[in-house]
Amino acid sequence: MIVKKIFVFLQIALLSLSFGIFAVACDNGNEGDYDSGDILPVDNICYVLNNGNWGGNDASIQHYDISTGIATLGDSQNNIFVLQNGSLLGDLAQSMLWIGNKLFVAVGGSQKLEILDTQGKRLREYYSYSEIGATPRMITTDGNNVYVTNYDGNVYVYDAVTADYIRKISVGVRPEGISYYDGYLVVNNSGTLWAYDGTVSIISLESGEENTIPLVNPYTASVVCNGKIYIIDGGNYNDIPSDIYCISPREGIATPLGISASAIAAYNNTLYYVNNEWNYEINDNVASPLYALDVVTGEKREFLSASKMKNVNSLSVNPETGDIYIGYSTAYGVLGFMRIYDTNGVERGMFTAGYYPGGAYFKN
Amino acid sequence: MRIFFLYTFALSCSAISSLWERRLKGNQVRVLYSPAAVSSIWVPSIEKPLPLGGKETEQSKSEDLQDESIAYIAFEEEHRSLLYFNVFCMRIFRIPLVALVGCILSIVSVCRAYSQDNSGVLMLDSLLVTGLRKSLHDASVPVQTLSADALERIGATNVGDALKHMSGVAIKDYGGIGGIKSVSIRGMGAHHTAVFYDGVAIGDCQSGQIDVGRFSTENISLLQLTIGQNDDIYQTARMFASAGTVAMDTKIPYANILKIGASAASFETNKAYINGAALLGNSWRASLFADYTSTAGNYKFSIPSGKEQIVAVRNNSDVDIYRGEINTAWENDSHSLRAKLYSYYSHRGIPGAVIVDNPISSERLENTNIFGQLFYEYAPNYSLKMKATFKHNYNYDKNILPRSAGTIEEYCYRQQESDASYTIKWSPYFLYGLSVAFSEELSYNKLQAKNNSLMPSDPSRLTSLSVLSARYGYKWFTATASLLFTYANERVSASYTVPNRRRFSPSLSMVLTPFGNNFSMRLSYKDIFRLPTFNDLYYRDLGNYRLLPEKSRMFNMGAQYSKEEFGCFKYVNISLDGYYGRVEDKIVATPGIFVWKMSNVDNVSLCGADANLSSLVELYKNIGLNVTAAYSFMRAVDATEGSLVKGHQIIYTPLHSGSLSAVLQTPYVSVGYNMLWSGKRYRLPQNISSNIVNGYSDHSLWLARDWELSGYTLTSRIDVMNIGGTTYEIIRYYPMPGRSWRLSFNLKL
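Top line first, the protein sequences correspond to chains D and B.
For what it's worth, numbering that gives the first Met the number 0 labels the leading residue of the first sequence as 0, then goes sequentially.
For what it's worth, numbering that gives the first Met the number 0 labels the leading residue of the second sequence as 0, then goes sequentially.
It is possible that part of the hints are untrue.
[Claimed, not checked] A few chain D residues facing chain B, derived, Cβ under 8 Å:
#  : residue
1  : V41
2  : V81
3  : S86
4  : G108
5  : K111
6  : Y125
7  : Y128
8  : G132
9  : A133
10 : Y150
11 : Y195
12 : T329
13 : Y331
14 : G332
15 : T351
16 : Y355
The hints are simulated quantities; they were obtained by calculation from the structure and are not laboratory data.
As the structure is a computational prediction, the values presented were derived from the model and not from experiment.
Using N, Cα and C, we set each Cβ at its ideal position, and we do this for glycine too.
Using the sequences and the accompanying hints, generate a full structural model.
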């Protein structure tokens, strides 16, 4: 009897052990393949920066070869940053600037500014986490310097060639979008959270003077078009609708166009925009056509139909060809897409991007 | 012929009752009995203690004292024997009416016997009411229980950790003592799981999710997970209004008991508690529980990041928790009154997700929760009983978020909930095994955002739940049906009008025991829904006041076999359940360029199987091996038409998961091994390799010994947890602690 019980005990112990071994054996995950030996071309290409999910560390950079129509992978584990550096890019990439042979990448959640070469290899990085909430946001350049807005209320200035830090310029509360034109920086200060007390700072780089214009909620969008700077004021998501403002830096005035928009891009005299706003009747974002506005004549036309434009994350334009790059998402947690159209509205290509494609970036 | 049977049966009952009475008198054992204590037709079975390990000493002692002692035993234990007897009679005589008459006669006879001896009270150890708890083999839906002993065996210090040992559930654990732990049953989401504390629902109208990690296991006598609609129809209406329930029971013992305990563990984790109960006369009892937990939570972790590892120490994860509760109960033959006052306060850091290249974490949270509840039950006779509950809950959360340039934002929310319910159950003897019950529950929830505008509407909700249910048992067949009607009215301080919500929710279940009591088969269906939370509806910009309720349907089919003295097994229980379900109009956030919006967009299809095994093997005299194991297969996929991720497994739901617990009990020491295992999961809806969260297994060992010290019992125990040392992630970027230890002492006076 005792032998039998011991036998049963051993059986159970063996069962437990095998269960445990089986469990341990199943620990290993499966990662995607990636060939890190490739040299990426740098002519006739662009980079796509994907924002990623909040807290997901899944921001990514893609390389898109316009000639071949081939894009590298956009998921967090297999994009060119991981290929070159081993580590993840980080959390919530905000914007990018390609100048010379360097890429400046603002990664907001990770509170850092990455400076990469054109293969995506890290050259330098600036961390701002020594101060809580010091989040780098949007980037622009005047050709010599690189200007990066930061939620700590400053614009940080770096040398475009050496990537050395030069100085910082104090602006308004939670600065976001930034553009440079004709010796002026125009900075969207989104204002205190939930207070909708945003402003626009117009800063003369020559004199250092700052002119502030009160708005509601100027956000990340800011483009130069026909000698003016166009921004989006997001409104208060309630009774104040979003609106496109035209900023004349030298005159220091902001003129509302009376056009609601959620994303804009510019090419020559044409301002492209979409407006994906929530609609309670359809329980979804409104699928918006892509409009083209001639800022000289004021003529507005529907450039593309609304079929693919439900959740547009970004609009970008190839400054050489005028091709429109539309980054959009279909649902939460699903990789986004990038669609490319020429100036006649003919689709030139499409590829799978990362999470919430934040824009296509071309060489300055 | 019928009269003859009736007479014969009555005589049999009387004779058996006399024998029973004689046995009781012979042992000088009195059973405190109150009809009000009988919770339902099915009574949770509590097995008599087995002479194993340290228990034997106590039992021997009790046997030595049995001639002059009276043990206080809950009525359910003994009453269940009578019920079994009557079930047996029903099967033999096949005359339900006779059985019912016999039942009544038996009860009257036994009650008379008990009432004859009320003197010579000497307290015994509560040994006789503890022991191995069998599964509910005759339940019509999967019911998993963990007794106080079982909770101790698996070494779980909070309810969230304990639930990981049950099948069919996924625990979202954000790591560490302070990390939130919510329960999702069979992939339906945490909002479909209701949590009850001593029969009264714990509510959170703001987020709809209950952090089960905040409940200590020290004072819980029974933890029960029910998937689907239990066939106990004598329940509050809220029990009918969710897809699954987690019930925590903190019974007040019929004894004067004082327990104190303290533990120290890795990461500067310290805990101390006191748990006392006192008899305040023949009818009054009271208990008190208080505990304090603190931890620095600063454990080292290593998690994958691209082709590299992030190796760091968790910061801002310190926690201080203060808990206290007072319970009192009064009972007589037909009335029962219980009251509870519970308070909870914690302040903690919110470490958040591990962010690449950014070690900053500074958010803090303070939480105050106070609730009081009253329970009254009246059972004038066996066929009729009723109960009423009242609860008021106050909850205050304060989020402190340091921002840039030295500014600090505070977001405070105050929730208040008042809840009243009554339940009536009628089991008329002339209806041949049919019981009917009606339950009504009214609850009022109000949420106020203080000093912030994130919840600008100050929403309030009045909810009425009405349930009509019936249960019919005949021979080897028991069927239960219920129909729940929900009505919710909401008021907000906004210009828009929120529609009232009405819905009928049916449930059906049956259990068959055609091959005897050891084997049962069950079948159930439940249609239920959950209302959108106030965050879903009204959170600034994100909320969508036009949301529809999220609906779920679940079919379950299962079988269970349990047997005592089965070969070398003292006890073995095996259950297997398969299910199919669907969640429709799932509430998720839809991305937008400026703000996201909550919307009803997703459907989820569910199917899977749960298997459970529990057994006890007596290896040698006084040496036993207790083994429990659970395995879940859960395929929960997106079923939204047109979705790019249709057919993809939903987030944080492993296809395979399981647990194993083995305890070797000897007279000198007890040794235990616990293992949790989960296959890979996905952190986002798209099932691609970069979204895989690796599977894990967590192995723990413990060693415990009881010491007898001048009549006191000191229990010492050492746990080594996660001996593999892997800082695995249940939620991506929220690593769990690696290898750690805990040393604890409990003194029972």
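Now for the hints, and whether the structure bears them out:
1. V41: Hint on V41 of chain D: violated, closest Cβ of chain B at ~23 Å, above 8 Å.
2. V81: Holds - the Cβ of V81 of chain D comes within 8 Å of chain B, reaching about 4 Å at its closest.
3. S86: OK, holds: S86 of chain D within 8 Å of chain B, min 5 Å.
4. G108: G108 of chain D check passes; min Cβ-Cβ to chain B is 6 Å, inside 8 Å.
5. K111: 5 Å, holds
6. Y125: With a closest approach of 11 Å, the Y125 of chain D hint is violated.
7. Y128: Since the shortest Cβ distance to chain B is 5 Å, the answer is holds.
8. G132: 3 Å, holds
9. A133: 5 Å, holds
10. Y150: OK, holds: Y150 of chain D within 8 Å of chain B, min 5 Å.
11. Y195: Result: violated, 10 Å to nearest chain B Cβ.
12. T329: 6 Å, holds
13. Y331: Hint holds; Y331 of chain D Cβ to chain B Cβ min 6 Å, cut 8 Å.
14. G332: Hint on G332 of chain D: holds, closest Cβ of chain B at ~3 Å, below 8 Å.
15. T351: 10 Å, violated
16. Y355: 7 Å, holds
Hints 1, 6, 11 and 15 from the earlier list are contradicted by this structure; the remaining hints agree with it.
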